[in-house]
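Assemble the whole structure, with the sequences as input and the hints as a guide.
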Amino acid sequence: MRKPNLNLSYHEQDGVLLPNICISNPPEDEQPLGRYGRMALAYLRENHPERYTVLKMGGTLMKTMHQVQRDALERIEDLTQQMLLDDPLPETEDLLERTRHWNDLKSMAEKIVLQTIVFRVR
Numbered sequence: 246m247r248k249p250n251l252n253l254s255y256h257e258q259d260g261v262l263l264p265n266i267c268i269s270n271p272p273e274d275e276q277p278l279g280r281y282g283r284m285a286l287a288y289l290r291e292n293h294p295e296r297y298t299v300l301k302m303g304g305t306l307m308k309t310m311h312q313v314q315r316d317a318l319e320r321i322e323d324l325t326q327q328m329l330l331d332d333p334l335p336e337t338e339d340l341l342e343r344t345r346h347w348n349d350l351k352s353m354a355e356k357i358v359l360q361t362i363v364f365r366v367r
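Counting from 1 along the sequence shown, just add 245 to a position and that's the residue number in my numbering.
Since the hints were derived computationally from the structure, they do not count as laboratory data. We put the CB at the ideal spot given by N, CA and C, even for glycine. Any given hint could turn out to be false.
Lysine-lysine pairs mimicking DSSO-like chemistry, simulated, CA-CA at most 30 Å apart [as the list claims (entries may be wrong)]:
1. K356 x K308
2. K308 x K351
3. K356 x K301
Cβ pair distances, simulated, as ranges [said to hold, decoys possible]:
4. P335 x R365: 28 to 38 Å
5. R290 x L318: 13 to 23 Å
6. V299 x F364: 10 to 20 Å
7. Q360 x G304: 27 to 37 Å
8. K301 x V261: 26 to 36 Å
See below:
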């Protein structure tokens, strides 16, 4: 069996040579996850631990969760706009009624996104 050729540098500490190894996280790992990314992460961890481990060991877990966050937000916005075309805001001066209508549409879009994007195995 052939050993891999690793070009490592070493430093001496207390008479022992130690390899200079630096483990760094990609910048995306340091960014906080949004709501949908956290939900997807929890879903994966609790319901599909083997897939969670594969993504984590491969170093793509956080990148995937950030992508879920972006996709979910974009899809909610798109669905809400589509729903507004079919069911526009009421022509009224009542701000609460308009807000209630907007929130209802956004809630319906979010339910769709949770099932199609967030709670899905990657």
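Hint by hint, here is what the structure shows:
Restraint check: the Cα-Cα separation between K356 and K308 comes to about 23 Å, which is no more than 30 Å; the hinted pair holds. For a cut-off of 30 Å, the pair hint linking K308 to K351 stands: about 26 Å separates their Cα positions. At roughly 27 Å between alpha-carbon atoms, K356 and K301 fall within 30 Å of each other, so this suggested pair holds. As the Cβ distance of P335 to R365 is approximately 34 Å, the hint placing it in 28 to 38 Å holds.
Take R290 and L318: their Cβ atoms lie about 21 Å apart, and the range 13 to 23 Å holds. Between V299 and F364 the beta carbons are some 18 Å apart, a value that agrees with the proposed interval 10 to 20 Å. Restraint check, Q360 to G304: a C-beta distance of roughly 28 Å satisfies the suggested window 27 to 37 Å. Taking the beta carbon of each, K301 and V261 are about 31 Å apart, inside 26 to 36 Å as hinted.
Of the hints listed earlier, there is not a single one the structure fails to meet.
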